[in-house]
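> Just so we're aligned: 2 in numbering that gives the first Met the number 0 is position 3 of the sequence shown, and the numbers increase by one with no gaps anywhere.
Just so you know, these hints were derived from the structure itself, not from any lab.
Small disclaimer: the values here were computed from a predicted structure and weren't measured.
Treat the hints with care, as some may be off.
To be verified - Below, in silico cross-link-like pairs of lysine-lysine (DSSO-like), each with a Cα-Cα straight-line distance of 27 Å or less:
id	residue 1	residue 2
1	Lys-140	Lys-130
2	Lys-140	Lys-256
3	Lys-256	Lys-416
4	Lys-130	Lys-256
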Amino acid sequence: MAANRWDTVIPPAGTWRFGWSPASGRACLKRATFLPIPTFNLTFALAVLILLGWLAVGREVFRGNRRMRRLATLAAPAPAVWPRVSVVFAARNEAATIGAAVPTMLALDYPDLEVIAVNDRSEDDTGAILKRLAAADPRLKVVHVTELPAGWLGKNHALADGGEAATGEWILFTDADIHFRPDVLRRAVAHARAYSLDHLAAIPALQAGGTWLGICVAAFSLVFALFVRPWRVPDPTSRCHGGIGAFNLVRTSTYRKLGGHVPLHLRPDDDLKLGKLMKSGGFSEIVHGARALSVAWYPTVGDLVRGLEKNAFAGTDYRWWLILAGLAGHAAGVFWPFAALFCTTGEVRWCYAAAVAVMLLLAADHQRFAGGRWWHGLFLPAGIAVLDYAIVRSTVLTLWRRGIIWRGTFYSLRELKENRL
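Start from the sequences and build out the full structure, keeping to the hints where you can.
This is the structure:
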C-alpha cells in the first residue's frame, strides 16, 4: 500500500495529470512530463491588435473609395427631355464670396435651369449683389428672408423657403460659395434618372490655402469618410447615410412627400440628415466630386475650429460619451503607435511601425479621391490633434452655454435635442 500512497497525496501544481492506478483500481493523479506554458505578452498583443485594426480600416477605405463613382466621369445616357432643375442656396453675409460663386451656377450647361438664392437676413451687400446678378440673368430668382420664425435654424429655414419656391422636378441644394464645372448638372441628373435615385450627393474638393490648413482638411476628409462610409450608402440594407451641403440633388416629389426641411428644422448637421431623410423614402448615393466641385472651405485653421463649433457635437446627437469614445480611439489608434516607436523594442516596435505605415499610406491614398495633396495625409496625427481640439471645444462650449450660437442667433440645447431624426 505504501507504494500507492502517492495517489492520495495532493501533488505540487503543474507537474501532475489524471490517470489510472492498477493497484488501487481507481482514478488517480500521476506525475506527468512537464510542458512549459508560453507567457502571454500583453504589450505584443496590443501592438498586433492595433496593426490588425489599421489593416481592417485600410481595407474598408481603400476598397470603398474605389467603389464610389466620380461625378466628373458619370456617363449615363441623356434623357430625351431634360427635367427642370432648381438650384437652391441660402446666403447670409456672403458678400465676399457670392459674387464669384453664383456665376458658376448660372454657367451650368443645363437646358432647363432656375437658380433660387435665399438672402437670409444679410447685413452686408449680399442682397445688393444678388439683385445685380438677377437683373443680368432672369434664371436667378432672389427670395428675401427678413425674420426668423421660432423653432428654426436660420439656414434650414432659408433652404425650406427655397425648396417651397422651387418649380423644378429636381432640386439641387448647395452652398453660396461652391464653384461648379459646367457639365456637372447634366451628368448628375442623367445618372440619377438612369439609376432611379431620389438623392445624389457629391463630395467637393476642399481647397486649403496653406500647408497647415491642408493637413487639417486632409484629416477631416478621412475622419468624415470613416464616420459616414459613403460607399455603403447605396446599399438599401445598410444603415449608412449621408448628405453634402455643397451638393444635395433630390427628387422634388420625394423631398416634399417626406416633409421637406421641416423634419430638419433644428439640425445643425442638416446636410447629413437630409441624406438620411431621403434614404428613408427612396434610393440614395454619394459620389466623389473632386475635379467637378470645389470650395474654399475655411480660410485659416482658426476659422475651421470656430466653424466646427456649431455642429461637431451635433453630429453625435449630443451624446458626450460618443465624444469620449472617439477621443479614446484616436489616442489608442493614432497617437499611441507613434509614441510606441520610441518606447518599445523588437517585434512590438515592428508591429507599431507597420501600423504607422498603413495609417499614413491610407491617408495619402485617400487624398487622391478627396482632391487634396497626397503628402498632406502623411501628417495625419497633426490634423487629427486639431480636429480633436475642435470637437472638445464644441462639446464644452455647447454644454457650458446650454446651446449653440450660429450667425448671431442662440439656440438652446434643449430644443436642439428634441429634433432627432
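> Could you run down the list of hints and mark each one as holding or not?
To see whether the hints hold, each was checked on the structure:
no., hint, in the structure
1, Lys-140 to Lys-130, "9 Å, holds"
2, Lys-140 to Lys-256, "24 Å, holds"
3, Lys-256 to Lys-416, "24 Å, holds"
4, Lys-130 to Lys-256, "32 Å, violated"
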